[in-house]
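Undergrad: Spelled out, the chains give:
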Amino acid sequence: MMTKREFKQFLGVNALRLFIAITAMFLILFLYVIFSKGGKMVTWSFLTESPRKFMTEGGIFPAIVGTFWLTVISIAIALPLGVFTAIYMVNYAKPAWFVKAVRIAVNTLAGVPSIIYGLFGMAVFVQLLRMDVSILAGSFTLAILALPVIINASEEALRSVPHDFREASMALGATERQTILRVILPTALPNILTGTIISIGRVAGETAPILFTAATFYTRHLPNSVMDEVMALPYHIYALMTEGAHADKQVPIAYGTAVVLLALVLIVSTVAIIIRYKIRKNRKW
Amino acid sequence: MVNEKISRENLEFAHIRTENLNLWFSEKQVLINVNIPIYDKKVTALIGPSGCGKSTLLRCFNRMNDLIPEARIKGKVLLNEQNIYDSRTDVTKVRTKVGMVFQRPNPFPKTIFNNIAYGLKVRGEKKSYIEEVVETSLKNAWLWDEVKDRLNASAFSLSGGQQQRLCIARALANNPDILLLDEPTSALDPQSTAKIEELCLELKNKVTILIVTHNIAQAGRISDYTAFMYLGEMVEFGATRKMFTVPKDKRTEAYLSGVFG
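Line by line, the protein sequences are chains A and B. First residue of the first sequence: 29, per our numbering; consecutive thereafter. First residue of the second sequence: 549, per our numbering; consecutive thereafter.
Chain B extracted, bound-state conformation (with noise of 0.2 angstroms):
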């Protein structure tokens, strides 16, 4: 109830948005009925305990749920008001204006120049034009001045936390309106989560950022909005400072104090 009365009150305003989203992996409902608005050039924190449907429902937004042969979805997946689960989408082109980085960074066994430019070249834009996006996404992910002497050199010779900011640039680089961040420091270094905080911080002058965690202070310290989700219903949506200190709903309370988790 709480989260409808939140989309029509906002839905000016929500980039991406769902309408009463469900999900089902084979007979198991893991999405019931979701309704969220991911408010433009904000970042947006999905916070829940493990299994409770947040990396499948990011996944709804990008419709990688799609190459799950089990996954059947009711519902409405709205990009600017485009219903991307309609049967007219082109996929790969939604694919194209949301971004996604994953948990493990996944560079591909390719060189550092041509992970960056894969995303353009299996669309066939010129060299010119990749040269200077490659060039520009890296400056983006703050990696370029790291990388710039060794372009050509194997993505697996950087450190994981560069591999992960190299997976960002290689989003970038599709110029996407929207990131999806599943968990994307969990297998980092303090050093390297701190850096690829401050680069969300940056980067949401430019896009619209949703990211999964499973770590609470790092929803406080970087994001706008917050969702807490808890057996496959999102229950409680909305400013983080405001949620992280007068939760409306006990289990927000009780997750965020860390009673369970």
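Bound-form chain A, shown alone (with noise of 0.2 angstroms):
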């Protein structure tokens, strides 16, 4: 016989178990509805041509090389920025109260809806700085999408490199500079590198920011240079779903887009995470 303490027991670590189970059916169950629907399109010519007959045939390619660098060239443009930003705020920012505003303007960027930052992005960077409807101006815009992940990560990383380093390098003759880029940031390196890994699958997943700023609705041409529009992966999608009269043509072609978007994002993450691994190996304390 249970005891009333024990049966407690018994009934919560299965209603844990339950709640597991239930979750993990969720992960299960997107997986399988978007390989099963959209699996079997994704074939070598799918990846690797570009759309026919106003999207009812052909590949995503345009779409995938359009979505890989309106990935790369904001992270580009958000890590450094966001990195050095959450360097001011932890080694020199002064004073407190100073540190807490900028801290508070940050999260509330964070909570900013998306299609706020594509009506924001299309004011400033599309009209005011001209840059129209590019592939910079997409990645400006998702930079700063970017931004609050990035900052809010690597001043958490900053944060918990052990005082001990710090002092072990003053005490050693570094200066405060030397200190900062010689130990601490590459003590904090892989916990940042954590927070861009979250960032990468934020931005390649955006619709609402690079709507106005850099996606185009169809194009048969890779882009040529930052400044020309480009298709994207997450674009497509919404422009498969709802433009266009074939249905029936097009919705198993947004499942296949989907397929791609999500391995991308999975293979750049897989990427990063090996990175990671490979610089912590060394880096235990």
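Since no wrong hints were added, every one of them can be taken at face value.
One-sided excerpt, in silico: chain A residues whose CB lies under 10 angstroms from chain B: (1) H191; (2) R194; (3) V211.
Honestly, the hints are just simulated from the structure, not real lab data. Every residue, glycine too, gets a C-beta built ideally from N, C-alpha and C.
Taking the hints as your guide, dock the two standalone chains into a single complex.
TA: Dropping the structure here:
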């Protein structure tokens, strides 16, 4: 016989098991639906060809290229900006209320709906700075979207570096700048990369911010420069589902595109995780 | 009063000394009018109960208290008769001349080689010179034989005692005149502790050593001079053998005999 306390324990643990099962079920169901509907669409020609006949045939190659460049350029903008902001906040920013104010601003930015980033990007980058609808304008807009996540992750990573390292470095005659660049930043790097990985997934999958700043509905050409407009995977899905007259042909292509987008994010994340693992291997404390 | 007399008498021998040193953390006074001489090529031990200010005093000698924004200092710390708290002082130079080893071994998350080379690299020394100094420093810290085949391994692959000797080697690589040790063995096992104590006795031929310890027996084993601190004041300073046999102050006597601690 179970005592009352044992019974409660039994009940509690099994409730947790149930919740885990539900969560896992959603994930499995999610992957199943996407892959079963779109998996068979993904063929070599689907990946390497341009769309034909108003998106009812052909592949999605221009959208893959577009999403690749938007993601790479926006992270290339946001990563240094975010890391250096975090370094300033952690090491130099004074007084405390200023740091707090900046943090509130950053967190507010993180909570802004992405469509508003799209409008902002259009007003500032496309119109004011005359970038037109282009990879560059879209990348800047996405970079601003990714910035809060990267700043927060970097700040936390920098603060979690043991104080011992800082003291050891200063005691050896290093300046504050040398201490930050040679000890604190390298130590914090794996955790900064974690934040970056999260942003890569977010940036690659966002539709609204590029809606008015970078994406084009349909093109058979690849971009020649960062000033060109491009197709992008998430926007391509949106376009396939809302435009055109051949839903029967377009919907399977949309699911196929979703599979490719998921795979792309997964591949980028895996590469980043491998890099992080290699850096971390020699840095245990 | 006792302190002042000593510092005046031995002024010419003191490698580094303090002159009426006071230190506050915000409103709380942690050091009160401390006068202490640290003699050249000797081991001086700082003892006293927890919170007496001995670590804080130690950190005045390489200006590590600068890292604490609430810290405020009045008085002088004279290194070769130059006040290191003078506004014209280059702090990084002071910290190169006055090396420090901390309570907990704190190697960088880098290779063994790069840990030792760090101080030299930040000063932009030549590669060939760095390689030479890394070897001699590791030899001087009695670590060379244990690590010579794996200089590119992570410093965290070493044992606690080895890590602490690595930290000593790292400080020695800067060729310091003075080595500050802040309870360097309190996180180590007895064997590693014994090795570090022996090492101190060997090193005092090359550098002046100032060691903070909460272990009275350790102070007795390795130090030539001992300073007893209590509630921010330096109660007594003298030759270790003399102080341990006939302490002048009642509080010293009580502490040494284990009445409080």
